[in-house]
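Chains as they are written, first to last, in my numbering: chain G, 1 to 377; chain Y, 1001 to 1127.
Derived from the structure by calculation, the hints contain no laboratory data. Mixed in with the good hints, there may be bad ones.
Stated by the list, open to error - To give a feel for the contact side, a few chain Y residues facing chain G, derived at Cβ under 8 angstroms: (1) G1038; (2) D1039; (3) F1042; (4) L1045; (5) I1064; (6) K1065; (7) V1067; (8) E1106.
Stated by the list, open to error - The calculated lysine to aspartate or glutamate pairs, modelled on EDC-like cross-linking and capped at a C-alpha distance of 20 angstroms, are: (9) G:K364 / Y:D1087; (10) G:K365 / Y:E1013; (11) G:K365 / G:D350; (12) G:K364 / Y:D1069; (13) G:K290 / G:E153.
We put the CB at the ideal spot given by N, CA and C, even for glycine.
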Amino acid sequence: MSLRQPPLHAVHEERGATATEFGGWEMPVEFDSITTEHRAVRESAGKFDVSHMGELEVSGPDARRLMQRLTSNDVTALDVGDSQYAAITDEDGVIIDDTVIYRLPNGREDGGDSDGDLPHPRYLFIPNAGNDEAMADRWRTHREKWGLEATIENLTHERAMFAIQGPEARGLTIEAVDDPAAFRDLSRFEATECTVDGAGCWIARTGYTGEDGVEVIAPWADAESVWEAFDCQPCGLGARDTLRLEAGYLLAGQDFDRGENPRNPYECRIGFAVKLDTEFVGRDTLEAVKEEGVTERLVGFRLVDRGIARHGYEITTRDGEPIGTVTSGTMSPTLEAAIGLGYVPIEYADPGRSIRIDVRGRDKKAKVETTPFIDTV
Amino acid sequence: MSFDTPSDRRYLESHEWALETDDGVRVGITDFAQDELGDVVFVELPAVGDEVTQEVDFGVIESIKAVSDLYAPVSGTVTAINEELFDAPELVNEDPFGEGWMLEIEPDDEAELEALLSAAAYDDQVV
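Construct all of the structure, not just a fragment, from the sequences and the given hints.
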């Protein structure tokens, strides 16, 4: 199967990026060095091509009902231009994917341009790389099953997505957009339509790095001019991973995986995105889980001994008894320490608890630590 | 992209170099290898006095994105290790053929060194 490529594949290659396969896409992993790119985001700003993320638009009279019943958060709380993080769970409450949902300007029943006054809410949500088709199918299947009237469009190959992140990202965005007034008043997690070099974009003050910044969804054909409008360090998926891990954010398919490592939102500590007073697939199971409490939980840890914990390494007690598995691990460029995430029984989940990580046959001392590992916005 | 490959030393296909010095054989990894790995953050080396065997792993190098075994270009006894790398593993990126060296080995059989790849032969392999 050939890999999907972002619209700027050739541009990134020309810039000297090395590419990697991720979620069925061939994406830039490193432009200069992970450390250089990481520091740019923490100290000034960096831009990421995240066009591998899916874009699904849901509209029509029952769009709100369909979104509400397939995601764990409460979409009725969203005004136009708001966003929220949510889990997409199955009947057992297991996370299939996590996503950000944006409420777009209301649709017109005749399908014309939006004007904000007409009744049907429209949503855009962002499945993880490679999940766009599966989520579009899931939405369509449930629409049929429940007899709802909604249109589901998979725009993943019609939209590029960029993240501009770091303390200077907001200022760079004000310079880059044609109409800074619309952007200037955005609070964190708010989004708006904006044009960048004449191209109509959706710009959100969201991100995956722990820094202030924006995510920009642009027409595929205008990807290059929009990318070039942000004058800062280009960054690859390598730095994206070290940044998100310092911020304690989950990576789908790694920190939870419906097949390999099925987890519910409470085990992953994203219970804040579960609204049990709404009706959604998995809700009843999750209510029971919340009442009974989880037996295992995702924790952050930091290695005391020298070494690096990586995905799949075993977590043990001080006596060497296996108690869990590392799901993510790296050397933190900010802390200059080896950090990671992994699941342990709740009796080992308290910050400060001493654990061991089996690093290729050697026991390395580690301590459970509160996440985020760094100060985030 | 082009990489340095000094012709004063010999190479393994697994990207280690071996340089004959007055004290024995000095070992490190190539410019190509450090670039492939990216930011080196951790190097695990044997102790002085340990025996190493040609083409058998003697240690581990980790970058942010990858873990890689290190292979001995010749068999022999470790006479020195570059302890600087424990505090400054980035030396491997900055100066792979110089300050980023890893080991010195007293070789059991100096003929082993001659059988390794020349710079030109190594270059042919990585381009």
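Inset, instruction - Go through the numbered hints given earlier and state which of them the structure violates, listing their numbers in rising order. - result: 4, 8, 10, 13
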